[in-house]
Amino acid sequence: MSRKPYVREVSKTTWFLSQPRYKRYMAREVTCVFILIYTFLLICALGALAKGPDAFQAFLHALRGPLGVLFNLAALVATVYHSMSWFDVTPQAMPIQRGEEFVPGNVIVGAHYGAWAVVSLIILIWGI
Amino acid sequence: MEIIKTDVAIVGAGGAGLRAAIALAEADPKLRIALISKVYPMRSHTCAAEGGAAGVIKSDDSLDLHFNDTVGGGDWLCDQNAVEYFINEAPNELMQLEHWGCPWSREPDGSVAVRPFGGMKIKRTWFAADKSGFHILHTLFQTSLKYPSIQRFDEYYAIDLLVDDGRCQGLTALEIRSGEMRQFQAGAVIIAAGGAGKMFPFTTNGAIKTGDGMALAYRAGVPLKDMEFVQYHPTGLPNNGILLTEGCRGEGGILVNKHGRRYLQDYGMGPETPVGQPVLKTMELGPRDRLSQSFWHEQRKGNTVSTPWGECVLLDMRHLGEKKINERLPLVRDLCISYLNMDPVKEPIPIRPVVHYCMGGIHTDIKAATPVPGLFAAGECACVSINGANRLGSNSLTELLVFGRRAALSAIEHLQSSPSASNDPALSAQARASEDRIRALFDQSAGTETVAGLRKEMMHTMEENAGIYRTGEELQRACEKIAELRGRYANLALTDKSKVFNTDLMQALELGSMLDCAETVAVGARDRTESRGAHQRLDFTARDDQNFLKHTLAYHHPKEPPRIEYLDVVITKSQPGVRDYSGAKK
Amino acid sequence: MSEERQIQLEVLRYNPETDSQPRYQTYTVPCVNEWVVLDALNYVKENLDPTLSYRWSCHMAVCGSCGYMINGEPKLGCKAFIHEYGDHIRVEPLANFPIERDLVTVVEDFIAKLASVKPYLIPKEDKPISAGEFRQTPAELKKYKQYTLCINCMLCYAACPQYGLVPEFLGPAAISMAHRYNQDSRDGGRDQRQEVVATDEGVWECSFVGACSEVCPKHVDPAGALQQVKVASTIDWYKEHLMPWVKK
Chain B
1 MSRKPYVREV
11 SKTTWFLSQP
21 RYKRYMAREV
31 TCVFILIYTF
41 LLICALGALA
51 KGPDAFQAFL
61 HALRGPLGVL
71 FNLAALVATV
81 YHSMSWFDVT
91 PQAMPIQRGE
101 EFVPGNVIVG
111 AHYGAWAVVS
121 LIILIWGI
Chain V
1001 MEIIKTDVAI
1011 VGAGGAGLRA
1021 AIALAEADPK
1031 LRIALISKVY
1041 PMRSHTCAAE
1051 GGAAGVIKSD
1061 DSLDLHFNDT
1071 VGGGDWLCDQ
1081 NAVEYFINEA
1091 PNELMQLEHW
1101 GCPWSREPDG
1111 SVAVRPFGGM
1121 KIKRTWFAAD
1131 KSGFHILHTL
1141 FQTSLKYPSI
1151 QRFDEYYAID
1161 LLVDDGRCQG
1171 LTALEIRSGE
1181 MRQFQAGAVI
1191 IAAGGAGKMF
1201 PFTTNGAIKT
1211 GDGMALAYRA
1221 GVPLKDMEFV
1231 QYHPTGLPNN
1241 GILLTEGCRG
1251 EGGILVNKHG
1261 RRYLQDYGMG
1271 PETPVGQPVL
1281 KTMELGPRDR
1291 LSQSFWHEQR
1301 KGNTVSTPWG
1311 ECVLLDMRHL
1321 GEKKINERLP
1331 LVRDLCISYL
1341 NMDPVKEPIP
1351 IRPVVHYCMG
1361 GIHTDIKAAT
1371 PVPGLFAAGE
1381 CACVSINGAN
1391 RLGSNSLTEL
1401 LVFGRRAALS
1411 AIEHLQSSPS
1421 ASNDPALSAQ
1431 ARASEDRIRA
1441 LFDQSAGTET
1451 VAGLRKEMMH
1461 TMEENAGIYR
1471 TGEELQRACE
1481 KIAELRGRYA
1491 NLALTDKSKV
1501 FNTDLMQALE
1511 LGSMLDCAET
1521 VAVGARDRTE
1531 SRGAHQRLDF
1541 TARDDQNFLK
1551 HTLAYHHPKE
1561 PPRIEYLDVV
1571 ITKSQPGVRD
1581 YSGAKK
Chain U
2001 MSEERQIQLE
2011 VLRYNPETDS
2021 QPRYQTYTVP
2031 CVNEWVVLDA
2041 LNYVKENLDP
2051 TLSYRWSCHM
2061 AVCGSCGYMI
2071 NGEPKLGCKA
2081 FIHEYGDHIR
2091 VEPLANFPIE
2101 RDLVTVVEDF
2111 IAKLASVKPY
2121 LIPKEDKPIS
2131 AGEFRQTPAE
2141 LKKYKQYTLC
2151 INCMLCYAAC
2161 PQYGLVPEFL
2171 GPAAISMAHR
2181 YNQDSRDGGR
2191 DQRQEVVATD
2201 EGVWECSFVG
2211 ACSEVCPKHV
2221 DPAGALQQVK
2231 VASTIDWYKE
2241 HLMPWVKK
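Chains as they are written, first to last, in my numbering: chain B, 1 to 128; chain V, 1001 to 1586; chain U, 2001 to 2248.
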């Protein structure tokens, strides 16, 4: 048998360094880590609340420290990036056909941003 | 050598081969079907057909009109019984494709839409935007995956037919990936391996269109019929020959020369029709041979536009508007922008005639049977003949469906009626001889000729001497040159000595096929001292029904030029007449 | 328009009979600027080195034969214009496929996956040919038309990191083709295809990198198709588990 196909191994650990688009993808995925940690913090907050007002105050105080603020800022940036990257692909994932034509992508994306703004506004008003 | 036993072996897995395979699988699920192709099925050149497929479906159309358009378009060289069978079967076949999921373009009410094409009295071309061949091929390929009895041998190159006891009983083929030879023993063989446009340098044909199927049958003693009729498509991109479908003109595109004149009116296809309102069988909707010939005259008169890629005329589609072009001709727009950096929405596109289709091919009767029992042929490689001296645009896609299926039915009839026993030692001896022939070519290293060198000379010879207009002197030169090249072929040296995916060897074999085909074109054209359809002689300008209402049959000889015989055309109801493409007719 | 320019064409070579691993060979090619990379390869084959092996045919981006990695990016050789590159162009066989020889890859895996999704019409209703066509409005046609445009060039498999890491992944083109038939108004075979598609090796292996759609030469947008399949499969799950009384 003269055939001997050659298989190029893909590195399980560094594959995403080979192309810029893979790096962008990894950046999007890494934002999840911040969201994960933030979720964990929320659970901690619940735990502290259950222990009583003092524990909760102490927890809030810790969050107001430079590390806490820094993390919250980073988490905000990551969450915004994460959301935007998903908004951008919604026309692909959820196309809407009206009559013969498909609704233009920017309309669908725009609707998402609109909804986001509205929800944020409600929460802000409610919060205040 | 491994022996593969099968009931029907099909060589070629494009439109005709796939259609035949499906017809066999549907007729009898127990039949073993070997589908052998030098490329994966979806690479076959059916995919490049753009405009559409003709079949009578609308109430304003009739079978008679399709018959007349086809026979007149073919300059009365068509066998009329074959045409009749063809037009009768055409609507069923196109409808069958619809039922298999082909994404035909539609009317608002959901029925299949049709568009006008050249040489048609009524619009009857079914289309899927301007990717009709592509969709037909993929629909057929994907449908074929339903049938477990269709066993594919992708990337196997057919080498020789095995003919014993007067019957075709199989073939040898080279597995390209391993370089190993295989013997296919089959009760029947169907050849559906496409045309041979690559013997010319400037063609819409893909690299694989090298006449292998034609040469396969030819070398086994089957005559090639009417090979001198080679169709030039009037609208190819000038830099690389990429096809711009006739649909461009069907939708309303116009042809103008450098003075902006719609010059077709000067060649019997006028009077001029209003821009954007194409009139059937008139001006831009004349037949392909006439349009290509008009270009030749315009070039002689100095009316063509000089471009970096040679002399051109202009295809103007601007008046169609962006919306219509995007909907009906998206591929055309993409091709113009990609390969010429010009947008048909904004500017006229330079085009010139380009070799497109072989009307001739393996001689078959109307049942797709060749003179060798057990051997059948369909598609461009075959000559039934429904195309005569000039194929009507959009008949070829339909042809490969109608006759692909017909070949399958004939193969089944043959299996039922002929003895199934084969003389295995005799077949194996032939197979070994076939293998030895390839090994000799492979091992030959003392030669001085190269594949690329001989190929270039062949292409140049064909373009110079066997083009749109021909003379006896030039054709004689072509005959001598091709004969010389066939001789020099024996002195070929292969550089590549690897068994695995040896494309050097493949190209050498393809060159051999093309030289065989080219010689039948040249000799057939030299001996046909008349002008008819796509075969135009400057030294014999008139059609000569007295002497040449006949098919040319070219028989192979291993060393000598082909022996030529003639066969009467079958005429049933349409006597040869005048081909009228002027708007004056009714 | 026909300016000439010399390029260095660096091509991956691998001859299984003499090489233990691939190597690179560089050819100096005088190119006309409007050439595509395939033209440069053909120049090499005809003039410099007849042993170079690669697949090609139509030269108009419809047969899908000539997919290569060109400067690391999956491209059709017939649609990669020389003028878009510098003086050095590197051509390699499509990533994620075994190399048969030189630029020729082994593609059986893709073909088998395509076949596995039942990429053919499974009609909703039986209808004889004589009864005419299944009616389909232009809007219904448009719903799936984009996904019929796949030329099986496999650039999306070469671009998909997931396919590289998990070879069992059904992959972009095959799932898009399933989606194409699922979306066809004439088809009733979605349930059969879901058995193959809505699986771990099917659509759930996709992590939506989106590279497939970025490299697709026919703008099929396989990534979009896969996400739509995910959405529909998720809805299936909820219907089945939360609303079992709702008939499918």
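In short, the hints are calculated from the structure, not lab data.
Here the structure is a predicted model, which means the values were calculated and not measured.
Careful, some of the hints might be misleading.
Okay, derived cross-link-like pairs now, SDA-like style, lysine to any residue, Cα gap no bigger than 20 angstroms in a straight line [stated by the list, open to error]: (1) B/K4 x V/D1154; (2) U/K2143 x B/K4; (3) U/K2143 x B/V10; (4) V/K1146 x U/K2118; (5) U/K2045 x V/G1447; (6) B/K4 x U/K2118.
Taking the hints in turn, this is what the structure says about them:
For the suggested pair B/K4 and V/D1154, the alpha carbons sit about 18 angstroms apart, so the restraint of at most 20 angstroms is met. For a cut-off of 20 angstroms, the pair hint linking U/K2143 to B/K4 is broken: about 44 angstroms separates their Cα positions. At roughly 37 angstroms between alpha-carbon atoms, U/K2143 and B/V10 are farther apart than 20 angstroms, so this suggested pair is violated. At roughly 7 angstroms between alpha-carbon atoms, V/K1146 and U/K2118 fall within 20 angstroms of each other, so this suggested pair holds.
Pair hint U/K2045 plus V/G1447 holds up; C-alpha atoms about 18 angstroms apart against a cutoff of 20 angstroms. Our distance criterion of 20 angstroms between C-alpha atoms is broken by B/K4 and U/K2118, whose separation comes to about 31 angstroms.
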